[in-house]
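Enquirer: In case you want the letters, here they are:
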Amino acid sequence: MMQYVVRRILYAVPLLLGVNVLTFVLFFIVNSPDDMARMNLGQKHVTPEAIEKWKRERGYDRPLFWNERSPGAAKLTDTIFYDKSVGLFLLRFGRSDNGRNIGADIRQRMWPSLAIAAPALLVGLLVHVSLALMLVFFRLTYLEFWGVALCVVLMSISSLFYIIGGQFVVGKLLQWVPISGYDTGLEAIKFIILPILISVAAGIGSGVRWYRTLFLEEVEKDYVRTARAKGLTEPRVLFTHVLKNAMIPILTGVVVILPQLFMGSLILESFFSIPGLGSYTIDAISQQDFAIVRAMVFLGSALYILGLLLTDISYTLVDPRVRLS
Amino acid sequence: MPALFWTDVLFFLLLAMLAALLVYARDKEHLRRPWHKVATNRSGMVSLVVLLAFLLVGVLDCLHFYPAFRDADGRLEYKTEAISVFDWCTMTLSTRDEKTYSAPFAAYAYAREYVRREDGSQRWEYPRLQYGGAHLENPQSQKLGDIVATATSGAGKGLLLWSALCAVLVGLLVRQHRLPWNVCLRRIAQDRTQVPWRAMLITLLIVVMAACVLAELSVKYHVLGTDKVGQDVFYQSLKSVRTGLIIGTLTTMIMLPFALLLGILAGYFRGWVDDVIQYVYTTLNSIPDVLLIAAAILMMQVYMAKHEDEFASLALRADLRLLFLCLILGITRWTGLCRLLRAETLKLREMEYIQAAKALGVGQWGILVRHILPNVFHIVLITVTLDFSALVLAEAVLSYINIGVDPTTPSWGNMINSARLEMAREPIVWWSLTAAFLFMFTLVLAANLFADVVRDALDPRREANNR
Numbered sequence: 155m156m157q158y159v160v161r162r163i164l165y166a167v168p169l170l171l172g173v174n175v176l177t178f179v180l181f182f183i184v185n186s187p188d189d190m191a192r193m194n195l196g197q198k199h200v201t202p203e204a205i206e207k208w209k210r211e212r213g214y215d216r217p218l219f220w221n222e223r224s225p226g227a228a229k230l231t232d233t234i235f236y237d238k239s240v241g242l243f244l245l246r247f248g249r250s251d252n253g254r255n256i257g258a259d260i261r262q263r264m265w266p267s268l269a270i271a272a273p274a275l276l277v278g279l280l281v282h283v284s285l286a287l288m289l290v291f292f293r294l295t296y297l298e299f300w301g302v303a304l305c306v307v308l309m310s311i312s313s314l315f316y317i318i319g320g321q322f323v324v325g326k327l328l329q330w331v332p333i334s335g336y337d338t339g340l341e342a343i344k345f346i347i348l349p350i351l352i353s354v355a356a357g358i359g360s361g362v363r364w365y366r367t368l369f370l371e372e373v374e375k376d377y378v379r380t381a382r383a384k385g386l387t388e389p390r391v392l393f394t395h396v397l398k399n400a401m402i403p404i405l406t407g408v409v410v411i412l413p414q415l416f417m418g419s420l421i422l423e424s425f426f427s428i429p430g431l432g433s434y435t436i437d438a439i440s441q442q443d444f445a446i447v448r449a450m451v452f453l454g455s456a457l458y459i460l461g462l463l464l465t466d467i468s469y470t471l472v473d474p475r476v477r478l479s
Numbered sequence: 019m020p021a022l023f024w025t026d027v028l029f030f031l032l033l034a035m036l037a038a039l040l041v042y043a044r045d046k047e048h049l050r051r052p053w054h055k056v057a058t059n060r061s062g063m064v065s066l067v068v069l070l071a072f073l074l075v076g077v078l079d080c081l082h083f084y085p086a087f088r089d090a091d092g093r094l095e096y097k098t099e100a101i102s103v104f105d106w107c108t109m110t111l112s113t114r115d116e117k118t119y120s121a122p123f124a125a126y127a128y129a130r131e132y133v134r135r136e137d138g139s140q141r142w143e144y145p146r147l148q149y150g151g152a153h154l155e156n157p158q159s160q161k162l163g164d165i166v167a168t169a170t171s172g173a174g175k176g177l178l179l180w181s182a183l184c185a186v187l188v189g190l191l192v193r194q195h196r197l198p199w200n201v202c203l204r205r206i207a208q209d210r211t212q213v214p215w216r217a218m219l220i221t222l223l224i225v226v227m228a229a230c231v232l233a234e235l236s237v238k239y240h241v242l243g244t245d246k247v248g249q250d251v252f253y254q255s256l257k258s259v260r261t262g263l264i265i266g267t268l269t270t271m272i273m274l275p276f277a278l279l280l281g282i283l284a285g286y287f288r289g290w291v292d293d294v295i296q297y298v299y300t301t302l303n304s305i306p307d308v309l310l311i312a313a314a315i316l317m318m319q320v321y322m323a324k325h326e327d328e329f330a331s332l333a334l335r336a337d338l339r340l341l342f343l344c345l346i347l348g349i350t351r352w353t354g355l356c357r358l359l360r361a362e363t364l365k366l367r368e369m370e371y372i373q374a375a376k377a378l379g380v381g382q383w384g385i386l387v388r389h390i391l392p393n394v395f396h397i398v399l400i401t402v403t404l405d406f407s408a409l410v411l412a413e414a415v416l417s418y419i420n421i422g423v424d425p426t427t428p429s430w431g432n433m434i435n436s437a438r439l440e441m442a443r444e445p446i447v448w449w450s451l452t453a454a455f456l457f458m459f460t461l462v463l464a465a466n467l468f469a470d471v472v473r474d475a476l477d478p479r480r481e482a483n484n485r
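Residue numbers (the working numbering), protein chains in the order written: chain V, 155 to 479; chain C, 19 to 485.
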């Protein structure tokens with residue numbers, strides 16, 4: 155087991171390296187640091203001195219991959235690529251193009267993201283699984299037909315409309331909670347409750363349909379027939395036998411996204427102006443702060459790979475038939 | 019003079035490929051059977067009619083040309099700005115811009131301003147619109163009657179048009195089945211046909227009637243109001259159809275060759291080929307989609323700012339951005355299909371008929387092209403139809419974060435983006451958002467329903483379940 159985990163972690167290194175090279179190519183080769191400087195300083199009337207200063211302040215004034223002028227090993231290390239990638243691997247994110255400390259920003263901003271993403275995931279799971287179970291319980295009736303039809307309708311609505319509609323009805327017409335904003339401590343509850351509700355509602359269509367197919371696959375199996383043949387009631391068959399076995403794919407599906415909860419939701423956070431990592435990323439995109447975007451790409455990829463690893467491990471924990479090798 | 023935009027060319031290429039596929043599959047029984055199943059499904063065919071209506075708007079909007087005009091000396095000149103056939107048909111809509119916001123069917127502006135009366139006095143009131151309801155003497159009393167009258171005349175024309183379409187269709191059916199007219203009609207009316215013609219014709223009636231009524235009304239009013247700069251929202255929503263269709267279809271078309279080739283190669287050859295391909299798609303997959311798209315679009319903006327003079331016109335630039343968005347969306351999305359294809363190929367290569375082909379000395383490419391490709395193609399078709407609606411929805415989200423289509427390209431995402439501020443306004447402007455919602459919802463719902471039917475028909479596992 156330990157061996158397997160170590161091997162998987164080692165396997166993550168080339169993946170992250172690949173991600174790094176890819177983002178590096180995107181950010182530095184397609185457009186040279188000069189272009190970025192010009193973009194940041196404004197398009198017209200930029201003196202070469204201003205560009206040089208901008209680049210020097212951010213460490214972009216070195217060669218990309220190979221530094222001819224440095225002695226020995228520094229030929230490789232005194233370059234933008236080395237400087238900007240090795241830091242990421244050690245989770246030292248450095249400074250943003252505006253001079254802010256990215257690492258500190260991330261540590262501070264991940265909590266609001268988590269405060270929304272974690273309850274949203276839990277409540278969503280509970281609601282979606284129970285609704286799906288209900289549909290399966292009433293299968294081959296009109297209730298199921300219209301329930302599935304309603305799911306397709308809900309799926310066809312853009313998530314933007316759930317957010318705008320929710321904000322308008324609950325925040326503006328009914329005025330139950332503030333439309334947007336954030337606060338620390340217990341005060342935060344009134345700000346996060348609407349985003350959580352909206353993200354649960356927006357996921358109902360696809361979530362319920364997905365869990366329903368999982369349950370339907372289980373219902374066809376032999377052990378269910380055995381349970382019914384024993385004379386167990388339908389609720390008992392569904393809630394103890396089927397639910398327990400369907401829990402395996404459900405739980406592993408949840409584990410894979412667990413690490414990414416830190417990243418927050420881009421749209422939700424920017425709509426509700428919650429100071430989380432999602433809105434941090436959006437702000438970086440709109441301000442064209444390349445250092446932050448690069449750091450977030452790396453963090454997101456690392457968390458995704460961690461999620462894959464956790465999924466494999468959780469399989470062995472919930473399903474004794476699976477052995478890691 | 020025709021104007022060639024990249025997206026137009028690729029879109030028509032895609033349609034041509036689709037047509038070729040249909041012709042190819044027409045006389046092959048095993049290929050026709052699943053589509054026959056789609057054709058007999060009521061919800062599938064009803065949504066197909068709706069999709070075809072959207073497609074018609076999209077195709078008309080893809081035929082661009084430079085309009086000709088006579089200059090002062092009477093010589094024939096071409097304008098520098100390309101318009102589409104659709105623009106040409108709806109010239110009355112696009113040119114009738116008001117000053118600013120106006121509500122649907124309004125004859126007065128949405129905000130008060132100082133209006134100078136004929137007697138020289140100034141008054142603080144709602145001014146009349148320049149075009150919306152401008153033909154009415156006294157809008158307060160006449161408007162409702164006029165709207166009903168116009169709508170009725172539109173509905174009448176719609177009914178006529180529908181009857182004509184029906185006659186053509188039934189005529190074709192009569193010839194195909196060699197039945198008398200009355201028998202054919204009775205069967206359709208009683209819904210005793212294999213293909214659900216009755217449901218399709220009813221849907222067609224609704225679509226045609228709605229189109230005719232709206233067309234008639236929109237000549238006199240702004241049916242869905244006007245936006246901040248006074249443009250007709252109904253016209254914008256219709257123009258957005260093309261953007262939605264292009265993103266939904268071209269993205270999959272661009273990613274398809276990669277996914278097919280790499281997926282099949284990885285599954286068939288295994289070994290180091292498999293390792294490399296798996297490495298590539300895991301790497302791409304591990305980058306959060308939105309961030310990859312954002313990074314790519316940011317880079318393109320810098321590039322375009324640097325090479326401004328390389329783009330002949332703004333429209334061309336917006337078009338290239340749209341194509342680039344399709345490309346980058348495709349890059350983030352091919353991995354899923356690639357993985358599915360790899361798994362299926364892994365399974366297929368152990369099948370007896372592949373072993374038999376190998377034993378008979380068929381070359382590797384022969385096996386790949388003749389035996390593996392046709393047998394994984396249903397996965398491709400299912401993924402393409404399922405992805406369509408997801409892509410249309412994704413466009414809206416991306417445009418909202420300003421990393422989607424060019425701000426000058428009409429799209430539902432851009433409409434929603436601008437509607438955000440309108441919802442906070444007092445009194446609120448709700449019609450842009452509602453219009454974008456209605457159009458997007460209709461298209462995505464139809465696409466979702468159709469995709470479900472296609473999946474049920476093509477997926478062999480589901481077929482076993484249904485029997």
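Read the hints as simulated data drawn from the structure, not as lab findings. Cβ coordinates follow ideal geometry from the N, Cα and C atoms, glycine included. There's no promise every hint is true.
Claimed, not checked - Result set (SDA-like, lysine to any residue): computed pairs, CA atoms no more than 20 Å apart in a straight line:
1) K326/V to R438/C
2) K326/V to H396/C
3) K324/C to L180/V
4) K326/V to N435/C
5) K326/V to V320/C
6) K375/V to G248/C
7) K324/C to E206/V
8) K238/C to G248/C
9) K209/V to K324/C
10) K324/C to T201/V
11) K46/C to H396/C
12) K398/V to Q442/V
13) K209/V to V320/C
14) K375/V to D473/V
15) K97/C to A152/C
16) K326/V to M441/C
17) K324/C to G253/V
18) K324/C to K375/V
19) K324/C to A204/V
20) K324/C to I343/V
21) K326/V to I343/V
22) K324/C to P202/V
23) K324/C to T470/V
24) K326/V to G248/C
25) K97/C to M109/C
26) K324/C to V179/V
27) K324/C to D259/V
28) K207/V to G253/V
Stated by the list, open to error - Which stretches of chain C does chain V cover? Using the computed rule of at least three CB atoms under 8 Å from a CB of chain V, they are:
29) 260-269
30) 305-318
31) 404-417
32) 434-441
Said to hold, decoys possible - Chain C side only, calculated, beta carbon under 8 Å to chain V, not exhaustive:
33) N156
34) K376
35) N420
Enquirer: Can you verify the interface hint for N420/C: is its Cβ closer than 8 Å to any Cβ in chain V?
Expert: holds, 6 Å
Enquirer: Between the alpha carbons of K326/V and I343/V, is the straight-line distance 20 Å or under?
Expert: The hint holds at about 18 Å.
Enquirer: If you draw a straight line from the CA of K97/C to the CA of A152/C, is it 20 Å or shorter?
Expert: violated, 30 Å
Enquirer: Does the alpha-carbon distance linking K97/C and M109/C stay inside the 20 Å limit?
Expert: With Cα atoms ~15 Å apart, K97/C and M109/C stay inside 20 Å; holds.
Enquirer: Straight-line Cα separation of K324/C and T201/V no greater than 20 Å?
Expert: Holds. K324/C to T201/V sits at ~16 Å (cutoff 20 Å).
Enquirer: Given the hinted pair K324/C and G253/V, is their Cα-Cα distance within 20 Å?
Expert: violated, 25 Å
Enquirer: Taking a Cβ-to-Cβ distance below 8 Å as contact, does the region 260-269 of chain C have at least three residues touching chain V?
Expert: Three-residue rule not met by the region 260-269 of chain C, so violated; n is 0.
Enquirer: Tell me if chain V covers the region 434-441 of chain C under the three-residue, 8 Å CB rule, please?
Expert: n = 4 at 8 Å, threshold three: holds.
Enquirer: Hinted pair, alpha-carbon criterion (20 Å max): K375/V, D473/V. Please report holds or violated.
Expert: The given pair, whose Cα atoms are some 17 Å apart, holds under the 20 Å limit.
Enquirer: Take the region 404-417 of chain C, compare each residue's beta carbon with every beta carbon of chain V, and decide whether three or more fall closer than 8 Å.
Expert: Result for this restraint: holds, n = 4.
Enquirer: Going straight from one Cα to the other, do K326/V and V320/C come out at no more than 20 Å?
Expert: violated, 39 Å
Enquirer: Are the Cα positions of K324/C and E206/V separated by 20 Å at most?
Expert: Satisfied, since the Cα-Cα distance of roughly 18 Å is no more than 20 Å.
Going through the hint list in order, the structure does not satisfy hints 2, 5, 6, 12, 15, 17, 18, 20, 23, 24, 27, 29, 33, 34.
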